[in-house]
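Trainee: Chains A and B are the protein sequences, given in the same order. Under my numbering, think of the first position of the first sequence as 66, with each following residue one higher. Under my numbering, think of the first position of the second sequence as 174, with each following residue one higher.
Bear in mind the hints are in silico, worked out from the structure with no lab data behind them. Cβ coordinates follow ideal geometry from the N, Cα and C atoms, glycine included. Do not rely on the hints blindly, as some may be mistaken.
If the Cβ cut is set under 8 angstroms, some of the chain A residues that face chain B in the computed set are [unchecked claim]:
#1 Val95
#2 Gly102
#3 Ala116
#4 Ala119
#5 Leu137
#6 Leu140
#7 His142
#8 Leu151
#9 Gly158
#10 Leu159
#11 His223
#12 Ala226
#13 Leu229
#14 Trp230
#15 Ala267
The lines below spell out each chain.
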Amino acid sequence: MSAQTATASLAGPEAEASSRSRSSDGPAPVRIVVAYGFWLFLLSDIIMFSALFASYAVLSGQTAGGPSGHELFELRHVGIETLCLLFSSYTCGLGILAMERGHLRRFYLAFGLTFVLGATFLGLELSEFVGLVARGAGPSRSAFLSAFFSLVGLHGAHVTAGLLWLSFMVAQTAARGPRDFVRRRLLCFSLFWHALDIIWVALVTLVYLMGAR
Amino acid sequence: MEEHGGQQAVSTGETTGVDESEPSGSFAMYTTGLAFALLLTGASFIVSQTNLLWAPGVPAGLAVLAIAQMGVHLVFFLHISTGADNTNNVLALAFGVLVVTLIVSGSLWIMAHLNGNMMPASAIMEMQR
Numbered sequence: 066m067s068a069q070t071a072t073a074s075l076a077g078p079e080a081e082a083s084s085r086s087r088s089s090d091g092p093a094p095v096r097i098v099v100a101y102g103f104w105l106f107l108l109s110d111i112i113m114f115s116a117l118f119a120s121y122a123v124l125s126g127q128t129a130g131g132p133s134g135h136e137l138f139e140l141r142h143v144g145i146e147t148l149c150l151l152f153s154s155y156t157c158g159l160g161i162l163a164m165e166r167g168h169l170r171r172f173y174l175a176f177g178l179t180f181v182l183g184a185t186f187l188g189l190e191l192s193e194f195v196g197l198v199a200r201g202a203g204p205s206r207s208a209f210l211s212a213f214f215s216l217v218g219l220h221g222a223h224v225t226a227g228l229l230w231l232s233f234m235v236a237q238t239a240a241r242g243p244r245d246f247v248r249r250r251l252l253c254f255s256l257f258w259h260a261l262d263i264i265w266v267a268l269v270t271l272v273y274l275m276g277a278r
Numbered sequence: 174m175e176e177h178g179g180q181q182a183v184s185t186g187e188t189t190g191v192d193e194s195e196p197s198g199s200f201a202m203y204t205t206g207l208a209f210a211l212l213l214t215g216a217s218f219i220v221s222q223t224n225l226l227w228a229p230g231v232p233a234g235l236a237v238l239a240i241a242q243m244g245v246h247l248v249f250f251l252h253i254s255t256g257a258d259n260t261n262n263v264l265a266l267a268f269g270v271l272v273v274t275l276i277v278s279g280s281l282w283i284m285a286h287l288n289g290n291m292m293p294a295s296a297i298m299e300m301q302r
């Protein structure tokens, strides 16, 4: 029995790799299937964002006599937000790596950092929104600002959901241990978090960098 | 006891053997990705704030930098690659890109034409008299 498992473990990687490359050999590992399904969800989410991007691009000039992006946006603020999100993506990836290699404490540290950076991003974004509304540039001021608040606000709502999911997953890891299903959920969370970064890149370029010129 | 040990050997063998195609990547990969992302972000902020690029070309330059950075995120963070396990992911991505392109370019195209063909509000009032 033990000899059998030993040979299986020796032949394991090569045999599995070759059997996976041929598609007729039964279902792929659960981990691959789960990641694929979640990737499909992320793509549909990105398609939803694309509709808001399109409406922002159409409406960005319609300021109805109100303030334009050039007067409203502070790029220093946006730069800090971008750095927060980039580094949180990095620490999230490191957390997943630590989990893969069984370093639970490093995992908690990395995900704690991810949470702090994500919360900082959200705080900065909320302060920007509050500042805009206080200056009379709320979502009801013009079509441009309606489109701005719905696009950036939807991204912010995703980040909020991500932070809730992150806290939940850390609690689940603490309660249930690093089991297979916990790892798969963590992998899905990391995909979600990285995808939010991709949307933020498009958002910064279209809304802030092109708008502030 | 013995079986547990054997299972562990199998699982560690798997993580070291298939590391390249595993969806979690490696430390070097994430660090390279972060470096590229920071570089491209810095470049797009510089391009938008200075006169480094010919002014009418700035939007195109920003678009190129943004698309490059999205590619970096896809490859280094989301691990979309050309590996055997990744064919479905790449196909789905291609379809997603197609739909996004249709939605964005189609909306812009139609709305630009609508704007062009729209009568000024004063002319519509005139006609209603």
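Trainee: Of the numbered hints stated earlier in the document, which are not met by this structure?
Mentor: Hints 1, 2, 5, 7, 11, 12, 13 and 14 contradicted; others consistent.
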